[in-house]
Amino acid sequence: MMKASMDNKHLLASEIEAYFDRLWPICRSITGDGLRKSFKILQEVIPLKLHEVPSGTEVFDWTVPDEWNIRDAYIVTPDGKKIADFKANNLQVVNYSTPVDKEVTFEELDLHLHYKKELPGAIPYITTYYEKKWGFCISFDEYKKLPREGTYKVKIDSDLKPGSLTFGDLILPGESEDEILFSSYLCHPSMANNELSGPLALAFLYRELSKIENRKYSYRFVIAPETIGAICYLHQNKKKLLNRVKAGYVLTCCGDGGAITYKKTREDESLTNKITTHYLNHSEEEFTEIPFDPIGSDERQYASPGFNLPVGVVMRTSFGQYKEYHTSYDNKELMDFKKMSELIHFCTGLVKAYELNDNYVNQVRYGEPFLKKRDMFEDLSTKLSHSDLIKMRLRLLNYLDGTNDLVDICDTYGYSIFDTEAEIKQLLEHGLIK
Amino acid sequence: MMKASMDNKHLLASEIEAYFDRLWPICRSITGDGLRKSFKILQEVIPLKLHEVPSGTEVFDWTVPDEWNIRDAYIVTPDGKKIADFKANNLQVVNYSTPVDKEVTFEELDLHLHYKKELPGAIPYITTYYEKKWGFCISFDEYKKLPREGTYKVKIDSDLKPGSLTFGDLILPGESEDEILFSSYLCHPSMANNELSGPLALAFLYRELSKIENRKYSYRFVIAPETIGAICYLHQNKKKLLNRVKAGYVLTCCGDGGAITYKKTREDESLTNKITTHYLNHSEEEFTEIPFDPIGSDERQYASPGFNLPVGVVMRTSFGQYKEYHTSYDNKELMDFKKMSELIHFCTGLVKAYELNDNYVNQVRYGEPFLKKRDMFEDLSTKLSHSDLIKMRLRLLNYLDGTNDLVDICDTYGYSIFDTEAEIKQLLEHGLIK
Amino acid sequence: MMKASMDNKHLLASEIEAYFDRLWPICRSITGDGLRKSFKILQEVIPLKLHEVPSGTEVFDWTVPDEWNIRDAYIVTPDGKKIADFKANNLQVVNYSTPVDKEVTFEELDLHLHYKKELPGAIPYITTYYEKKWGFCISFDEYKKLPREGTYKVKIDSDLKPGSLTFGDLILPGESEDEILFSSYLCHPSMANNELSGPLALAFLYRELSKIENRKYSYRFVIAPETIGAICYLHQNKKKLLNRVKAGYVLTCCGDGGAITYKKTREDESLTNKITTHYLNHSEEEFTEIPFDPIGSDERQYASPGFNLPVGVVMRTSFGQYKEYHTSYDNKELMDFKKMSELIHFCTGLVKAYELNDNYVNQVRYGEPFLKKRDMFEDLSTKLSHSDLIKMRLRLLNYLDGTNDLVDICDTYGYSIFDTEAEIKQLLEHGLIK
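Residue numbers (our numbering), protein chains in the order written: chain A, 1 to 434; chain B, 435 to 868; chain C, 869 to 1302.
Note that these hints are calculated values from the structure, not bench results.
A portion of the hints provided could be inaccurate.
Derived DSSO-like pairs (lysine-lysine); straight-line CA-CA distance at most 27 Å [said to hold, decoys possible]:
#1 B:825 x A:372
#2 C:1241 x A:238
#3 C:1259 x B:825
#4 C:985 x A:264
#5 A:373 x B:595
#6 A:117 x C:1259
#7 B:521 x B:567
#8 A:133 x C:905
#9 A:434 x B:672
#10 A:161 x C:1240
#11 B:786 x A:373
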């Protein structure tokens, strides 16, 4: 079923890569101009509407923090070497660091240095959104070599002032107000799989879904800074989300070459889980399903008890399951853009399963429909054995009784929902189901 | 429990065989005089009330077709040989063929010939109830030998005119209006297992059940032409069936020597399934249980979504599971009349399980009943261990609380429902349950 | 978690043993002065309120019998030997024997003698509460040696007169009227595991539970003669028990060295089963769980259908599962007082699980709570991985939504409920749950 769309896979891969390269160098955070600049680039693919939430706004239990912007940061060692240079790698400064410009001993500096012994060559990614601190992140290899004597100069040219937090959303409308949500986050500086892969996959998925004609569902796309951005979004759209979202997915860590991972929704019995599991079982993709756990990305917010939205997570190798996670090693080398375009097609197919699935109802409820008069039964019945098509027809007509949706019946008989597509169309045309 | 009734097994077998021999030669169809003649013979065993439904009557999505009667049919080959002689075997003509009397080339004739390559010696069974056509069925062995040159004469002396469709039913009344349904079909010409075994089993089952005294349930017996006859029946009895039928069975393919097959009801949680599975598990019969599927015999109609009646199927080797099905090889050689009489006793036992099962309610609800004062407890209690009878008594008294029926409790403790028969009688006599 | 309380294990064991030794020689029955004397001794540990139910009182389906008291009983053999001496072992007389004082042949005597061939050295325990009879119990070894000729003298100095049945109860109050019931029985003469272990365990459990501060639940303790006493108790406290008892246990056969046996409640889905299974799974005790069966001790009455109280049974080796059961071999040699004190601590821990479990409700329902502002989140989030404590915190905050109680969540994540104790306290203090 994914054959046709597979043809543009390589084309798509190189297009994603071009956007990746443009977004990579920008220093993003949960607020600030780097974030806005990144949104602007993504808008070329997905025409998100951007929203600004002023610093100090109360959003449920949280408060939107001051806006952070940074221009430069570095350390000068006692022997005059410039290290931890923000302009060379924006992970070197602790994200949301307050400004600093002074001379310090190694002892004092040491309290502000972060490294990762387990991955001695990597610069770790550290943030201090909600506590006014400053710091630098360096590789453990570099840390070990720093002179313990002499005077260091530290400089962070940042500011933290009232401003606003930016997020973007868009509705791709369908016949119904019922929605399927796709959400990803934008807030990390230069990282690849756990930053850019999510919003890029979402942006290009939008482009694929906008090609589907006569959409039944509406599709809601959200890109926001992780956690606080999702909370802002939920706060501003509470009623609509509660009324309309019938299924949804967070997209994250979509960029590596691993198998698909599906993290289920908080409630086991959800349309999202039913359709996704069905679709995975009939796909040729390798996959793993993992249970919901309120530890992870923005699914935590969508599934907070007051919302409890049926939002799962689609990823390849799960966050925290690869060693490069949250370090400078999570970079382009980790990316497989062909696999990423496959994931976008995977999601497009998943959407087609939702579009096809429905709670169709048999219009001849008492006795079987008389198929022969509609030319829908075998000619000169041998009755020796029905064809597989007639069997499927009889099963659909019997079980589409208002208590089962299509995918339920498919699961009973081991059909892929796409196997029934032509037959459903015919039954609709004959008025045998509605 | 079936010992006593087993004694008349041989007697019954030969009686069934005699009726089989009388019914065998008649050319039946879904309408017509062959059908009526067959009903007359069956009425000697089961006093069915016959009903006629005029051609043209609309029954749900269907319309009763014109009545078909046939007197003769044959082909004369170019070399003057009479073949496909209806009078020798009524399968040779396509059932419901329109009249024809003309000369044709082999090429034209070939369009009207049906054979079965996989079973080259057998005449297949073909019908054309809802399309005005004519045709002959011959063995593939014969087909191969037919001259390709010369003129064939074809003759079918049939007529297709407004008339009526015949079916029969009967209620064997019990104390309650709650009913157990037994249904079979009558419409095939000379075939054995997949035609005569069903109505014969049903007729003789009626005779056995009419011997049961103080029946709790009423028993509804239906014999009708398959599909269209069942639909007529459902149409005329819609409300009664929906209100009264608590369990039911289609009887078909009861005549061979295979193990019992039970095809379950459309809803898994049905009294029919519960009782039948319990009964099978405690019987000495080999058996298979298969899930419901809206492909098969008249269970398709009883289980159409508007009715959704709890009707299963009892058979030996299932339709389509034996190679002789729907050919001239489905004949007396396939029949095992002793096994057929065993199946009738099997069904009689099944009915006894329904009669015994009930939602009895304990009349001493607070604390155990004081059994000793009723002489229902061990004398000089050693309390070292209760007898199995006392254990059963305590369990029945505790669990017959209105939420479990008897067979539920039997299933919990591994009892056969018949093991509890004497005890239930005693508890009723002492007023301990009602 | 039981470390601290384990320290007084040996102390407790020897205290239980001292009470055992005082209770042992008393001849108890379902009524009478032996029963009252035993209650008086137990009152030193648990201040039960005693109740007297007059003979002839109707209690549900039962009637309280006359009161039985006995002073002496013995047989003199033809050769003048005094055997079956009640004063040496009170099992020698059938409990509730009517008075007798006469000379009899062996033939007549034989009708009144009880022995146990499978355990030839043991005196069996036999009762005749509801039938006026007399009899003696002797070992089979002794029985075999009795002279078959000559005159025996039999003497039972007992009386059976209107009086009353005695039981005791006590409420250990907590904040709520919701109760957890502990019940045991007192009615057997000198037997150890299946008599004294139950009421002794219950008495000392009371002492442990009374030390728990700020109890949430109230605890109901009941000691009554088995069956008739429990029925009297249920009769007098019907409404209260139905309204208040949320969980409960019968304690019996707590005295041997076997593993813990938990017999489940009548309804599978009970708080009692959920908490007990959770507690067992996280305890270091070996254990077996067995299903409810209305055969056993007073759980039969608590679970009679009108009450259907969620009362399970805690024991070590189950009644009837050890060969000494209901004989003179069920004596002090069978007892392991250290194990018995462990069982009391086991029950105390079980109660602590009830006290800790609750249907707490998250007070921040929309989006995650902002933990950082409460100093409840990691400092300088590395987000590389949350600590186990933060994971637990996020899980509790998400799932404590009013539909799950604490133990449900613990079961999902494999936590022991005690692992969450400190965290629950902190969440309550911060007002994050209520």
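Tested hints:
In summary, the hint linking residue 825 of chain B to residue 372 of chain A is not supported, as the alpha carbons are separated by about 60 Å, beyond the 27 Å threshold. Taking the CA atoms of residue 1241 of chain C and residue 238 of chain A, the gap is about 24 Å. The hint holds against a cut of 27 Å. Between residue 1259 of chain C and residue 825 of chain B the alpha-carbon distance is near 50 Å, which puts this suggested pair outside the 27 Å criterion. The hinted pair formed by residue 985 of chain C and residue 264 of chain A fails the criterion: a straight-line CA distance of about 64 Å is larger than 27 Å.
With a C-alpha separation of about 19 Å, the suggested pairing of residue 373 of chain A with residue 595 of chain B holds against the 27 Å cut-off. Between residue 117 of chain A and residue 1259 of chain C, the direct Cα distance comes to roughly 23 Å. Compliance with the 27 Å bound is thereby established for this hinted pair. Between the alpha carbons of residue 521 of chain B and residue 567 of chain B the distance comes to roughly 20 Å, so the proposed pair stays at or under 27 Å and holds. Between residue 133 of chain A and residue 905 of chain C, the direct Cα distance comes to roughly 75 Å. Violation of the 27 Å bound is thereby established for this hinted pair.
Restraint check for residue 434 of chain A and residue 672 of chain B: satisfied, since their Cα atoms lie roughly 24 Å apart, inside the 27 Å limit. Proximity of residue 161 of chain A to residue 1240 of chain C is assessed by CA-CA distance (about 20 Å); at most 27 Å being required, the pair is judged to hold. Using a Cα cut-off of 27 Å, the hinted pair residue 786 of chain B and residue 373 of chain A is violated, with the two alpha carbons roughly 44 Å apart.
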